[in-house]
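Top to bottom, those sequences are chains A and B.
Quick note on numbering: the first sequence equals residues 34 to 149 in the numbering used here.
Quick note on numbering: the second sequence equals residues 1109 to 1225 in the numbering used here.
Just so you know, these hints were derived from the structure itself, not from any lab.
Predicted model only: the values in this text are computed from it and were never measured.
A couple of the hints might just be wrong.
A partial selection of chain B residues facing chain A, derived with a Cβ cut-off under 7 Å [stated by the list, open to error]:
(1) Pro-1116
(2) Pro-1147
(3) Leu-1151
(4) Phe-1153
(5) Tyr-1156
(6) Glu-1160
(7) Tyr-1212
(8) Phe-1216
(9) Gly-1219
For every residue, glycine included, the Cβ atom is placed at its ideal position computed from N, Cα and C.
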Amino acid sequence: GENVEQHPSTLSVQEGDSAVIKCTYSDSASNYFPWYKQELGKRPQLIIDIRSNVGEKKDQRIAVTLNKTAKHFSLHITETQPEDSAVYFCAAKSGGGSGNTGKLIFGQGTTLQVKP
Amino acid sequence: NAGVMQNPRHLVRRRGQEARLRCSPMKGHSHVYWYRQLPEEGLKFMVYLQKENIIDESGMPKERFSAEFPKEGPSILRIQQVVRGDSAAYFCASSPPTGGLTSYEQYFGPGTRLTVT
Chain A
34 GENVEQHPST
44 LSVQEGDSAV
54 IKCTYSDSAS
64 NYFPWYKQEL
74 GKRPQLIIDI
84 RSNVGEKKDQ
94 RIAVTLNKTA
104 KHFSLHITET
114 QPEDSAVYFC
124 AAKSGGGSGN
134 TGKLIFGQGT
144 TLQVKP
Chain B
1109 NAGVMQNPRH
1119 LVRRRGQEAR
1129 LRCSPMKGHS
1139 HVYWYRQLPE
1149 EGLKFMVYLQ
1159 KENIIDESGM
1169 PKERFSAEFP
1179 KEGPSILRIQ
1189 QVVRGDSAAY
1199 FCASSPPTGG
1209 LTSYEQYFGP
1219 GTRLTVT
């Protein structure tokens, strides 16, 4: 079935360092890959996304890369700050085309700790 | 512009009771998704609805769970005869109509934390 694997499960970095989280997906028809940040007890917040017709997208300190051939995508956070500490989830939209189901398949999450 | 609204935020039910969770999508959004998050786990898709239609319910347990999105009013996720294993955070997300540049984006509500005692 559809599956998204996310690594690592926990990541600890020093403030100012970079953090990289990686995901692989199984459904070759997936065409949309969002990343969510979830703070304790809060809602998942969309921070960046990428569609399958693009290889890379950047928004200030965060960037996402996509390798469709290998079916993996990554989140890169540069110049990390303590407020970046949270759980990060990758996801892949199931299926392809405009008339598809639209459901997101989520990875297991990465707990990022940024030490001051 | 109000975001996705969910109520109640916290719900406590005894085993065997019914739980009703409500979700109002963002203004202009016509697609609603329900996800369940068990403690310290990821989000699992349950059901995808448009107004008066269930589009995909492949993630819904076969028994006790149902969902609707009527022409008027919020989407409702209903759990009958709750059991302890139903304790979780239930999130609703909404997205714009298909065809636009942002139609894939899903925005989440604050969630309903269901506790079954």
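Hint check: is the beta carbon of Tyr-1156 (chain B) less than 7 Å from a beta carbon of chain A?
-> Check passed: Cβ of Tyr-1156 (chain B) comes within 6 Å of chain A, closer than 7 Å.
Residue hint Glu-1160 (chain B), partner chain A, criterion CB-CB below 7 Å | Interface hint status for Glu-1160 (chain B): violated (17 Å vs cutoff 7 Å).
Classify the hint on Phe-1216 (chain B) as holds or violated, based on whether any CB of chain A lies nearer than 7 Å to its CB.
-> holds (4 Å)
Do the numbers back the hint for Leu-1151 (chain B), that is, is its least Cβ distance to chain A under 7 Å?
-> OK, holds: Leu-1151 (chain B) within 7 Å of chain A, min 5 Å.
Would you settle whether the hint for Tyr-1212 (chain B) is holds or violated, based on the nearest Cβ-Cβ distance to chain A being less than 7 Å?
-> holds (4 Å)
Pro-1116 (chain B) as chain A interface residue, shortest Cβ-Cβ below 7 Å | violated (15 Å)
Interface hint for Phe-1153 (chain B), Cβ within 7 Å of any Cβ on chain A | The hint holds - Phe-1153 (chain B) has a Cβ within 7 Å of chain A, the shortest such distance being about 4 Å.
Quick one, is the Pro-1147 (chain B) hint okay against chain A at 7 Å, beta carbons?
-> violated (11 Å)
Holds or violated: is there a CB of chain A closer than 7 Å to the CB of Gly-1219 (chain B)?
-> This interface hint holds because 6 Å falls under the 7 Å limit.
Hints 1, 2 and 6, counting from the list given before, are not met by this structure.
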